[in-house]
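Novice: According to the numbering used here, the stretch in the sequence shown is residues 1 to 218, in order.
The set of hints was computed from the structure by calculation and includes no laboratory data.
These numbers come from a predicted model, not from an experiment.
Label-pair ranges, simulated between beta-carbon atoms:
no.: 1; residue 1: Arg69; residue 2: Asp149; range: 43 to 51 Å
no.: 2; residue 1: Val41; residue 2: Arg69; range: 37 to 45 Å
no.: 3; residue 1: Thr176; residue 2: Leu135; range: 22 to 30 Å
no.: 4; residue 1: Phe129; residue 2: Gly70; range: 51 to 59 Å
no.: 5; residue 1: Val59; residue 2: Asp149; range: 34 to 42 Å
no.: 6; residue 1: Gly130; residue 2: Gln67; range: 52 to 60 Å
no.: 7; residue 1: Leu33; residue 2: Val124; range: 35 to 43 Å
no.: 8; residue 1: Leu171; residue 2: Leu109; range: 21 to 29 Å
Note that CB positions come from ideal geometry on N, CA and C, so glycine has one too.
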Amino acid sequence: MDTSTRPRGEAARLRREFGRLTVLGVILVVAGLVGLVYTGVATLTSMLLFGWLLLVGGVVGLLHATQARGTNFFWLGVIVAALNIAAGVVIIRKPDEAAAALTMFAALLFLTGGLFRLVGSMVVRGPQFGWTLLLGAFDLLLGVLVLIDWPSSSQYVIGCFFSLALLFDGLGLLATGFGGRRIVGMVSERTVPEPTAGGTGTGDASAGRPVEPVQPEE
1 MDTSTRPRGE
11 AARLRREFGR
21 LTVLGVILVV
31 AGLVGLVYTG
41 VATLTSMLLF
51 GWLLLVGGVV
61 GLLHATQARG
71 TNFFWLGVIV
81 AALNIAAGVV
91 IIRKPDEAAA
101 ALTMFAALLF
111 LTGGLFRLVG
121 SMVVRGPQFG
131 WTLLLGAFDL
141 LLGVLVLIDW
151 PSSSQYVIGC
161 FFSLALLFDG
171 LGLLATGFGG
181 RRIVGMVSER
191 TVPEPTAGGT
201 GTGDASAGRP
211 VEPVQPEE
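Between the sequences and the hints, there should be enough to build the whole structure, so can you do that?
Specialist: So, in structure tokens, the structure goes:
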């Protein structure tokens, strides 16, 4: 087997892998853009997906807990699995109320996080003082805006955040896919063996080298 075909096969395999990442990135970008247009549908979809994930995770956790019967963590696993199942059922049955509660929780997180960043930046005054102050003010303003329009804001806030996450993840995968394919192409071009004079073109440096005469032993 020609050893020069091995790097080419690895390069082709890497190109296919990075191509799949690119396709997945395109799908996520399209889904994110559609979700930003239809934020209500994105909110309902994300809540239903979250509920089903909790429900399935609770069932799997309950099965693992039953397999670990007799250990010290049995009842803890049962309680956590039961809470996940109950939360999943509630979210699936009432996704609007769950979205409103989650929106309130997110707004409170923005308010507390922004307040702590503002106070911390004013007290510490480190090298990133300006950026920390700006981020704190932005979080505080975002939390206030969400709370002012609550519970109407729950119809689009969760969907908007979910769509933005899909969009940025898709852009990251696109950049990784295109950049990876470009790097693989550059590396494969540099590692292609060049034919030598008098050789067969396989890159063997000894093919065109003159043979030295053997000295007879005395």
